[in-house]
Amino acid sequence: VKKVLVANRGEIACRVLAALREEGTASVAVHSDVDAGALHVRRADEAVEIGPAPATESYLNVERLLDAARRTGADAVHPGYGFLAENADFARAVEDAGLVFVGPRPETIRLLGDKRRARDVARSVKVPVVPGWEGDASDRAGAARAAEAMGWPVLVKAALGGGGKGMQRVTRREELDRALEGAERVARASFGSAEVYLEKAIVEPRHVEVQILGDGEGTVVHLFERECSLQRRHQKIIEESPSPALGAKAREALVKAAVAIGKAVGYRSAGTCEFLLDRDGSFWFLEVNARIQVEHPVTELVTGKDLVRAQLGIARGEGIGFAQEDVEAKGAAVEARIYAEDADHGFLPQAGRLLRVELPGGPWIRVDAGVGSGDAVPVHYDPMIAKVIAHGSDRASAWRRLARALDAAVVHGPVTNLDFLRHLARRDDVLAGRFHTESIETVILPERAKRAAGETRDLLAVAAALADRFDLAADGTGPAAAGGAGSGTSARRAPGPFESLAGWRHPGLRGGGV
Amino acid sequence: VKIALRLGAAVHEVEIDDSSSPFTAKLTSGALAGEFRVVPLGPGRFRMSDGRRTWLACVDRDGSVRHVTVEGVGEARFERETKGRRAARDAHPGDLSSPMPGTVVKVLAKVGDVVARGQNLLVVEAMKMEIQVSAPAAGRVRAIHAAEGDACDAGQVLAEVEPSEEAT
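For the record, the sequence lines run as chains W and H.
Each residue of the first sequence is one higher than the one before, starting from 66 at the first, in this note's numbering.
Each residue of the second sequence is one higher than the one before, starting from 185 at the first, in this note's numbering.
Calculated directly from the structure, the hints in this document are not laboratory data.
We treat Cβ as the ideally placed atom computed from N, Cα and C, and that holds for glycine.
Be a bit skeptical, because a hint or two may be false.
As the list claims (entries may be wrong) - Beyond 12 Å from chain W on every Cβ pair, some chain H residues (computed):
hint, residue
1, 215
2, 245
3, 277
4, 286
5, 293
6, 295
7, 347
Stated by the list, open to error - Here are the in silico distance ranges between beta carbons for each label pair:
hint, chain 1, residue 1, chain 2, residue 2, range
8, H, 199, W, 439, 52 to 58 Å
9, H, 233, W, 257, 46 to 52 Å
10, W, 458, H, 301, 53 to 59 Å
11, H, 301, W, 154, 43 to 49 Å
12, W, 121, H, 301, 34 to 40 Å
13, W, 313, H, 335, 49 to 55 Å
14, W, 121, H, 199, 53 to 59 Å
15, H, 327, W, 246, 25 to 31 Å
Work out the full structure, taking the sequences as your base and the hints as a guide.
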């Protein structure tokens, strides 16, 4: 592995490229035409354009990716997460082309990609799985009988899916057919198979996962857990380690289960075993994510292990690089994902040019960003802008640092969830670790809907007036020249009334004072 | 120079005096009504002080849109309100527009259908989500501008409903 092609974009491409640079390994970025000037392209030794903006014609196009590897002489491919990361055919094609796939073996990806077979693996090593039904769902009556037997609510999930995509929650018989139809449609479009299965919906569960690394030769180590219960639309936005919900005994059982699953498949590279944690402390296996995950930095901060470097070492056949006894979790870390999305309107994805991205790091803060000021958040891809990860000797200090970093962050352009994240980082229930996977939708959003105090409005109004009055484009530090300049707007014209666009929001009532 | 800003139902008026340094911004109403001393700190950055407390503001302009973040307080976007914009909003109360860029995956109604307010007429999918687009008013479907599989932009009008008499 002397030259690695990174088959991805955004922050994870930047993350992998950083590891390659540290190693002194040559790197190749690939990009679609709209990404020609993207951050990951600037971080690589060389870059190859692989097609137009739609992912199917670029980042998901196996032929063009392999061709780019051939043309640049790359001898390995790192898939990142998303796109083709868990596509067994891609991993197979990479290996068939004589290249090293920096990830699990193709057959492992295929096995774990079928969530029903992954459940079989867990059962085979005596790890409890969420009660479910894996029959033929085209038999609607049979599905309904199974759901009745399990008890409502149930979840309809894509068999070859994962990450909540296409997942539907059904609370009564009358909704089942429609949910099956919707899940099948998404499954067919996204995963090429309309097969779905049913799982009992655990009420108010927590989502806890265990990071594992395997050398592919039978050795599997764990790097403790991550708590990922703060989710919207079944997608995580905050992750932390350790989980505030696990005692020493429960943690021991959980990591043991994860290692057993990893060993059962002879796991190679980095992977994550996901579990649901019930209110009584019992847990069930959910699925294995056969890739590096978005939230891997949390684990890196508490264990001090570089997961991407470990992936590269394993890909070279050098093994994991450390033993289980060498893994120690110290302190706490918490990650917040900044997305271009509108928290006040169903977290709808947003796109557009970023006018300003200022993500101050500072003491105990790590920022993994995929874009900078002037870059675009294209409509074609995942709208994540950056991850801010805070570290501390204990949970409280990590969260305090996260709140501080989020407060100082500025992202102007498309609407983002930054203000929502700031709100989360101030809530008593969040800071006390009292939440589950449905908290955001059932508790937090309704409470946040109560609007801000007058002070917040006043300050935003004054600041907005400054925005209108001063020529920010020129030197930005003084009043605009008479007649206006720069952006072409006359600063001295008679100002009309402004209306707030996305409403105004506040992260809590701290009152300010810097 | 006086600038009016609407936040929800309330209108705030801010008067800026830049004849002296540090200049001042005067808020004419609200809990913090009074004078703020303003010190420019760099491109789009200001420190504002009401004499007791200080805040850091960061502002950007993009055409008619203003982006504002006040550290530790919150953020907002403002857009110049124009007659045209207001008119456009008022003139077509029956339009259904896509809430996000994506793909129309399902069209659940056809022209001429009588629909209830809130009835789902289309399904748009993007980035792991399916969003139902529902009728903003009860009435009859006048036009459908999208077919299943079509790509759509945020705000693009996908269908029109002629609101019925009793609905208006």
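Here's how the hints hold up against the structure:
Interface exclusion of residue 215 (chain H) from chain W breaks down, the closest Cβ pair being 4 Å apart, not more than 12 Å. The Cβ of residue 245 (chain H) does not lie farther than 12 Å from every Cβ of chain W; its closest approach is about 6 Å, which violates its non-interface assignment. Listed as a non-interface residue, residue 277 (chain H) keeps its Cβ farther than 12 Å from every Cβ of chain W; the least gap is roughly 18 Å. The claim that residue 286 (chain H) is not at the interface with chain W is violated, since a C-beta of that chain comes within 12 Å of its own (minimum 8 Å).
At the 12 Å boundary, the C-beta of residue 293 (chain H) stays outside the reach of chain W, the nearest C-beta of that chain being 16 Å off. With a least CB separation of 23 Å from chain W, residue 295 (chain H) remains clear of the 12 Å interface cut-off, as annotated. Interface exclusion of residue 347 (chain H) from chain W stands, the closest Cβ pair being 23 Å apart, more than 12 Å. A hinted range of 52 to 58 Å for the beta carbons of residue 199 (chain H) and residue 439 (chain W) is inconsistent with their spacing of about 33 Å.
Judged by the Cβ atoms, the range 46 to 52 Å given for residue 233 (chain H) and residue 257 (chain W) is violated: they are separated by roughly 60 Å. In this structure the supplied range 53 to 59 Å holds for residue 458 (chain W) paired with residue 301 (chain H), their Cβ-Cβ distance being about 55 Å. Separated by about 47 Å at the C-beta atoms, residue 301 (chain H) and residue 154 (chain W) satisfy the suggested range of 43 to 49 Å. A beta carbon spacing of about 37 Å between residue 121 (chain W) and residue 301 (chain H) agrees with the range 34 to 40 Å that was offered as a hint.
Between residue 313 (chain W) and residue 335 (chain H), the C-beta spacing of about 52 Å keeps the proposed range 49 to 55 Å intact. Remark: the range hint 53 to 59 Å for residue 121 (chain W) to residue 199 (chain H) is upheld by a beta-carbon distance near 54 Å. For residue 327 (chain H) and residue 246 (chain W), the Cβ-Cβ distance of about 26 Å falls inside the hinted range of 25 to 31 Å, so the restraint holds.
The structure fails to meet hints 1, 2, 4, 8, 9 from the earlier list, while all remaining hints are met.
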